[in-house]
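For the sequence shown, UniProt numbering assigns the number 1 to the initial residue and increments by one for each residue that follows.
No lab work stands behind these hints, which were simulated from the structure alone. Each residue gets a CB set at the ideal place from its N, CA and C atoms; glycine is no exception. Each hint can be trusted.
DEER-style ranges, computed between Cβ atoms:
1. R171 with K196: 12 to 22 Å
2. E88 with T199: 34 to 44 Å
3. R131 with K66: 21 to 31 Å
4. G65 with R188: 15 to 25 Å
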Amino acid sequence: MLKTRLSTTPWFTILTAEQQQRVIDETLLQEHPSGSFIARKGDPSRHWIGVIEGLVRISVGTADGKLASLTGVPPGGWVGEGALLKHEPRRYDLVTLRDSQIAKMPVDTFFWLLDNSITFNRFLLDQFNHRMGQFIGRIESDRLFNADIRVARCIAELVRMPNYADDNYNRQLNITQEEIGYLARVSRQRTNGALKKLTAAGFIELQYRSVVINDLHGLESLEEI
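Work out the full structure, taking the sequences as your base and the hints as a guide.
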């Protein structure tokens, strides 16, 4: 079952048969209901974490209840390699926004792949580069642009995955308006307004509990609408 789930994951398909088998044998597959913690800030880092099904929010919070969403992780996304490489505790919370199926690769398996697969190392470099650009874009959006642009770029973040060709991405994003609002840090009302504007401009189409992306490059570069 896990092999089938990983068969379209770029880093898995570049492994040798031996490496793939070890990943399958040692990786855990767990079900997490909506609103549950996969990992908490301060927890020991013992796994590389992948979203097989569902949607996960990366966030940080304060003791008085303030919460900041950093990004979302859609199916196919993997997170937590930074903490593993630095041998440090988690620096953020991982929380499911809907019922999710989560894969957890043990740290020993992760480092074994690093030691034995050049292509896996290259994947991680691409992922680091992708994530750095993602967070720089977040800072830019927060400081320079309004809620409409933040919603547009949030959608683009969830679609644009590292190691996917520019024209090879999932054009239908299964997500609710409420989930977009959580991740974009925008109220539900403002999210709804932004989605209507993006639809009218032809960037997206709205369907039941999903968004169809017509112009990913447009969403990523949009500065005014």
